[in-house]
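2 protein chains.
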Amino acid sequence: MNAHIKNVEYAVRGELAIKAEALRDQLNKTNSLPFKTIVNCNIGNPQQLQQKPITFFRQVASLCDNPDLLLSENRHIVSQLYPEDALQRAEVLLEHIGSVGAYSHSQGIPHIRENVAKFIAERDGYAADPENIYLTQGASAGVQSILSILVKDKSTGILIPTPQYPLYSATLSLLDATPVPYLLDESQDWSLNVTDLETSVSTARANGTDVRALVIINPGNPTGQCLSEENMREIIEFCYTQQIVLLADEVYQTNIYEPEARPFHSFKKVLMSMDSIFHDLELVSFHSISKGMIGECGRRGGYFEAHAIDPEVMSQIYKIASVSLCPNVHGQILVDLMCQPPKQGDPSFEKYSQEIGSIYSSLRRRSRKLEACFNSLEGVTCNPAYGAMYLFPQIRLPAKAIADAEAHGKAADNFYCLEMLDATGVCVVPGSGFGQKEGTWHFRSTFLPPEDLFDDFCENLTNFHKQFMNKYRD
Amino acid sequence: MNAHIKNVEYAVRGELAIKAEALRDQLNKTNSLPFKTIVNCNIGNPQQLQQKPITFFRQVASLCDNPDLLLSENRHIVSQLYPEDALQRAEVLLEHIGSVGAYSHSQGIPHIRENVAKFIAERDGYAADPENIYLTQGASAGVQSILSILVKDKSTGILIPTPQYPLYSATLSLLDATPVPYLLDESQDWSLNVTDLETSVSTARANGTDVRALVIINPGNPTGQCLSEENMREIIEFCYTQQIVLLADEVYQTNIYEPEARPFHSFKKVLMSMDSIFHDLELVSFHSISKGMIGECGRRGGYFEAHAIDPEVMSQIYKIASVSLCPNVHGQILVDLMCQPPKQGDPSFEKYSQEIGSIYSSLRRRSRKLEACFNSLEGVTCNPAYGAMYLFPQIRLPAKAIADAEAHGKAADNFYCLEMLDATGVCVVPGSGFGQKEGTWHFRSTFLPPEDLFDDFCENLTNFHKQFMNKYRD
Ligand SMILES: Cc1ncc(COP(=O)(O)O)c(C=O)c1O
Ligand SMILES: Cc1ncc(COP(=O)(O)O)c(C=O)c1O
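Residue numbers (UniProt numbering), protein chains in the order written: chain C, 1 to 474; chain Y, 1 to 474.
I should point out that these hints are in silico values taken from the structure, not numbers from a laboratory.
Incorrect hints may have been included.
In silico DSBU-like links for lysine-lysine, alpha-carbon gap of 30 Å or less [claimed, not checked]:
id, chain 1, residue 1, chain 2, residue 2
1, Y, 6, Y, 437
2, Y, 351, C, 154
3, C, 152, Y, 343
4, C, 118, C, 410
Facing chain Y, according to a computed beta carbon distance under 7 Å, are these residues of chain C, among others [as the list claims (entries may be wrong)]:
id, residue
5, 2
6, 45
7, 47
8, 59
9, 75
10, 77
11, 122
12, 293
13, 376
Just so you know, even glycine gets a beta-carbon here, dropped at the ideal spot from N, CA and C.
Working from the sequences, and respecting the hints, build out all of it.
Listed below in structure tokens is the structure:
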């Protein structure tokens, strides 16, 4: 068997998640647990926790699925169910796609790539080329292809943050490459310190590791940070000087909760706003339909933009994409809709804005409520979520709890999270699943439980924490 | 850069396909080519060539996309557009799935896996366990995961047929494993000769290659063969004796054109019908929604059943699946519909059967027409397609054509196919993209062009071939 696969760890769907499934089965059979439901806060999966999909997006998707609805003989019935702009959008898409049941171009449907390029140009104020855009089955697939191309062998090093989203560590294990961790600074809102980055690179290089790329997740998962433009410029200069490819995971670009103080800037925009010598920096930026206010995780859609990537590498990217034939067309359609949503004046615009707006403000309220809840707990501190869907509180556990965890052969944070699951039905992920500074303990929780249950949710967590602390108080 | 990726060849979407795209662009701009359209016979992509989707499947899919259509206040309008069984099926699916926008279980939605298990049990007469079924993003993704787990390093050998579907050779290149080719016997309807298999294995093992698995594509791509039950039993005995995992790619299981003489048998069924000592043989069987009469390639859905696979390997399979989070839910829904289509008595049954039946008989007619056309050409011989969607004629080219090809730095079959594309707009794939017996030349063509254009299509190919032969006649 492939030994690298044995080393893969994937905490988001690991021990805690599997135990949560087992408890859910148990709940379905008996009522013998101290809670009524399992609350999956282990994964950023909004529609699993009752977030409603965007109506316009689903309307267009369903018309593309069932083009009989667009036949003129059905129009008088269908127009009672669908607004005119949804019908028109589906017609335009099908004109370009043909059937959603056909394999598409391996790189993604050209018309949709053009719409992605327009979106990027409008967002950044700098042009984008559809030829540099690849549609993917979620950002996950894009990240995995790019890493597989950059990695030569064990000697290849890829800089990844601590803490990080485990897609990165897991993919590097699979490829048998060397992760080169750098620390995000919890005391500075999880920002990057370029001096630390330089140390990480020179140490790795001194050990014979060929450091080729730097992964940045911004807005951050699990940290919720949102980088300042100044910090981003330093990072770009660093990559340029060190001849390192920059991989920018920007899937949370619209989950921004302090837009004045901490707006989102894309790395592409910051790069293009800098002196033209930096424009040659190799940058790949990832985006997804799974996050933002859209939350269409189950469709698996996304894209990456490859900026200034070596043409030979570009041709390898195409080849890899073609072995898997094409990304699923439904995901591609959602990418189109995400990039070109209804505009002012369109029949669906008002409803669309209202839906996006209400999800957004609810997410912001929930993030603050949960942050306040965590910060009110004994021994817990938690940075605010400037972005993304998660909080990553630090927990200071009593020595007795740590000893008890050790006696059970568990890391202390894992032990804490398992007790939380047993007591409350809430499933979170221990900090060790993401990596954390030696000697500190954290866990990651989404703030996605439905708003009407949120007070209960916070109260349950608070009660659990109190009991846990009392149980293990020294 | 990853050197293994440089070695990947993927002919189905290679030079010919890229040139065909360029010619299509040229056609859109000017009318200066000797044909009116590009006909993509390079890929089994039925809906690209105007095959209609199955109405019931698309109805259910569209209802799952837009659950507002299921609201009771819309029912009086919606029931003018949708039959009752489509509405009910969508309701059942959504009850189990929640939202199609949520990440599902990494292994696939449990309810759908149960339906797959029922389908397998009905097909084979032997039970299947939903826990052994993984839903995948097309068979491609399933094959890639399983191979990535079986391959340890360069020393791992995987038996693959010559000719083969290039997913296999490409994936082995990517994984830097050793392909161990075995020949399909063109003179015996492309069947497998177990003595040859034994020779391939012992030679490879003598060279230090650890042969772990045998890939069989049945019905065959590109060959169109359909194996006899007797041949399958020999293969199973061979794998059992040699302790080799059997990977059965059965995506064309319903594309069977001589059901009396050459019916499809699944390897699972044949295995279970044999003496129980063989039941321990490790077998993975792949299926897909892309083929058959369904042809929903763009959705990327499929499954594999893992039979008697080592539990430790099973847990690695789960881990790999979870790194990619989950297969797209739309593809999963189509797997459900493929496995449990409308039944006798359901409102949609008649239409469903009529649609499947008419696609089936048209495919069969087209396969015979194209076979007859190929066999009528000078120097060309072609086995019938007992299954799948392709013919793989052998072409005997004049020495002058071979010399001219060499002078252009091209393989002779590639040269022939490029000239065909230039003259007719028909894009096929040279035999070298699949592998062929040394000193023989072939090409693969689907028989998917629409039936009303089929006579023209055959005539164009015939005229091209005559001109080619005359041009290069010695
Ligand atoms: C930082 C980050 N990147 C990528 C992904 C993958 O998203 P998807 O593959 O659904 O697009 C996630 C999902 O949670 C994520 O948090
Ligand atoms: C033999 C064979 N296996 C697997 C596949 C992949 O099918 P998909 O990934 O669309 O399910 C194909 C597609 O043509 C094929 O011919």
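How the hints compare with the structure:
Only pairs whose Cα atoms come within 30 Å are accepted, and residue 6 (chain Y) paired with residue 437 (chain Y) is accepted, the gap being roughly 24 Å. The suggested pairing of residue 351 (chain Y) with residue 154 (chain C) is violated, with an alpha-carbon distance near 56 Å, which exceeds 30 Å. Among the hinted pairs, residue 152 (chain C) with residue 343 (chain Y) is inconsistent with the structure: their alpha-carbon atoms are about 52 Å apart, more than 30 Å. The straight-line distance between the Cα atoms of residue 118 (chain C) and residue 410 (chain C) is roughly 50 Å, outside the 30 Å bound, and the hint therefore fails.
The criterion of a C-beta within 7 Å of any C-beta in chain Y is met by residue 2 (chain C), whose closest approach is roughly 5 Å, and the hint holds. Interface restraint check for residue 45 (chain C): the shortest CB-CB distance to chain Y comes to about 5 Å, inside 7 Å, so the restraint holds. With a cut of 7 Å, the hint placing residue 47 (chain C) at the interface with chain Y holds, because the nearest CB-to-CB distance is about 4 Å. Using the Cβ-Cβ criterion of 7 Å, the hint placing residue 59 (chain C) at the interface with chain Y is satisfied: the shortest such distance is roughly 6 Å.
The closest approach between the C-beta of residue 75 (chain C) and any C-beta of chain Y is roughly 11 Å, which is over the 7 Å cut-off, so the hint fails. Against a cut-off of 7 Å between C-beta atoms, the interface hint on residue 77 (chain C) holds, since the closest Cβ of chain Y lies about 5 Å away. A least Cβ separation of about 25 Å between residue 122 (chain C) and chain Y goes past the 7 Å threshold, and the interface hint is therefore violated. Against a cut-off of 7 Å between C-beta atoms, the interface hint on residue 293 (chain C) is violated, since the closest Cβ of chain Y lies about 12 Å away.
About 31 Å separates the beta-carbon of residue 376 (chain C) from the nearest beta-carbon of chain Y, more than 7 Å, and the hint is not met.
Consistency note: the structure conflicts with the earlier hints numbered 2, 3, 4, 9, 11, 12, 13.
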